[in-house]
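A.B. asks: Following the hints, put chains B, C and D in place on chain A, whose structure we already have.
Protein chains in written order, with this note's numbering: chain A, 1 to 148; chain B, 1 to 148; chain C, 1 to 148; chain D, 1 to 148.
Hints were generated in silico from the structure; no laboratory data involved. Some hints could be false.
Each pair may be met inside one copy or between any two copies, as identical chains are not told apart.
Derived DSS-like pairs: lysine-lysine, alpha-carbon spacing no greater than 30 Å straight-line [unchecked claim]: (1) Lys124 x Lys6; (2) Lys97 x Lys124; (3) Lys132 x Lys97; (4) Lys97 x Lys117; (5) Lys6 x Lys50; (6) Lys50 x Lys132.
4 protein chains.
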Amino acid sequence: MAYEFKIVQEVEFHHTDMAGIMHYSNFFKFMEAAEHAFFRSLGLSIHTVKPEPLGWPRVHADCDFSYPLRFEDSVEVRLLVREKREKSLVYSFYFRKINGEPQREVARGTLAVACVKRDNVSGKLTAVAIPKAIADKIEAAPPEAFGA
Amino acid sequence: MAYEFKIVQEVEFHHTDMAGIMHYSNFFKFMEAAEHAFFRSLGLSIHTVKPEPLGWPRVHADCDFSYPLRFEDSVEVRLLVREKREKSLVYSFYFRKINGEPQREVARGTLAVACVKRDNVSGKLTAVAIPKAIADKIEAAPPEAFGA
Amino acid sequence: MAYEFKIVQEVEFHHTDMAGIMHYSNFFKFMEAAEHAFFRSLGLSIHTVKPEPLGWPRVHADCDFSYPLRFEDSVEVRLLVREKREKSLVYSFYFRKINGEPQREVARGTLAVACVKRDNVSGKLTAVAIPKAIADKIEAAPPEAFGA
Amino acid sequence: MAYEFKIVQEVEFHHTDMAGIMHYSNFFKFMEAAEHAFFRSLGLSIHTVKPEPLGWPRVHADCDFSYPLRFEDSVEVRLLVREKREKSLVYSFYFRKINGEPQREVARGTLAVACVKRDNVSGKLTAVAIPKAIADKIEAAPPEAFGA
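Same shape as in the complex, but just chain A:
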């Protein structure tokens, strides 16, 4: 069972805005990229058609920004599973700028996501219990993992 994953994302030109820093909406895209890579690392996909049309819409997202990211920065996005519930998961994210000196934390975020079944025709989403094949691979991180 896994509770942690890290990816590195590069700040591309199109991520920046006229203030010369990464637009804050991209932190939310990076969180999601880490979540999806975490699933792939477990042999899973966040969006399946077979055996079931499952998805994981977001029910809550937040981010605190402490330092700006700029073009050509590299940022490590560390995911920790904060909570595992019957029909949802909550993740914590720690963003760390890893190019240049000093390396530093630049943001922290949270995503709460619900497991849903999609109707392929109507598109309707219905909350369902996390399938055993997924739930068996994911666990909440122990308190000490949030320490650093």
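C.D. replies: Just chains B, C and D now, with coordinates in the frame of chain A:
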């Protein structure tokens, strides 16, 4: 039958990049917004599930940029139907900055789109003839429409 | 002095994702669009070069999602000033789907933004007191405004 | 002197749209990512403040799409310098899906970019000759490079 449509788009902060101008990828989003509004103006939608799962993937896109757009600029996007074929449409777009003086053309673009049927389960796309209910509402613009 | 503003945003095709709903990162873009339109409604701009190079980087953002938005939905974004501090502002946002029946709240969010001075050459950002010309036009909403 | 570069990009969830495929605007972001990585591979940056505030706005972009990309696809983006002029560069791009079987070309594109000097205060852009330090590192690809 219609061959022309205009919308106005506002340049938002998130459209800009660190060069202080609108990132060029957004011109392609604005073209598409004009195309979709054109369809809505005819009582149509670019993406349908019923009576058929139809879509319009892009097969070609181009844009020539002559003047930068900046935050809080307003841009008129004028769509003209350049070609109407059995299974595809070609649009021309003219971007005109309409705030400040002088008003000026800032870009010109093209989209070629194919009519496809989507398989709801596999997601596979198959080119099909434009349904009569759509084809009957759209015509190619006369040469003089491209004049200005 | 003002504490409230509303805009309407349309859900464009490029806002959607493969789950068939608006990607959640766009809620954050819509919040910002409301904030910037609020500033414009007061004769201000969120990003100035003269008389001073001022900007408003985000220090916190959150959003709770209760109902998905889909292509061609119209959403009213209502901004309320929740807090006015010496160097920062906190906004609340209420998203309401206004096409179709029933109209319904679909999300609620928060943005906390800091007033900063930008160095035009280095790009460095320094927190500063909100200039009087801006502070005089904005006030915190009364508690009853958050009622509905 | 260099005329070719390759990067690999992953198709993230936020790149997809409700048609279940990568939204076409992202091909233009991927072209740019390849261009900027090409510059970095030469010890250069596409956006400099010192010794000069240089930038490279796009003057033309096009793309032909032959096959859709989907979530979790990997795409190789191959850049070739097609033309080197006094004040501008033209690049060709070849997109190749490299996961799954068969690997296949999915799109081809072009970017023409102009070298400009930015005024840090007004933001005005003025076309200038490509500085020698940059021009000395880049050359047009030989005709046979476009062969495959």
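A.B. asks: If a hint holds in the structure, say so; if it does not, say that too.
C.D. replies: A quick look at each hint next to the structure:
For a Cα distance limit of 30 Å, the shortest separation of Lys124 from Lys6 across copies, 29 Å, qualifies, whereas the shortest one inside one copy, 32 Å, does not. In this homomeric assembly, Lys97 and Lys124 come within 30 Å of each other (Cα to Cα) only across copies, at 16 Å, whereas the closest approach inside a single copy is 39 Å. For a Cα distance limit of 30 Å, the shortest separation of Lys132 from Lys97 qualifies neither inside one copy, at 36 Å, nor across copies, at 32 Å. With identical chains, the CA atoms of Lys97 and Lys117 are at most 30 Å apart between copies only, with a shortest distance of 23 Å across copies and 36 Å within one.
In this assembly of identical chains, Lys6 and Lys50 lie within 30 Å of each other by CA distance solely inside one copy; the values are 27 Å within and 34 Å between copies. With identical chains, the CA atoms of Lys50 and Lys132 are at most 30 Å apart within one copy only, with a shortest distance of 15 Å there and 34 Å across copies.
Checked against the numbered hints listed earlier, the structure breaks hint 3 alone; every other hint is satisfied.
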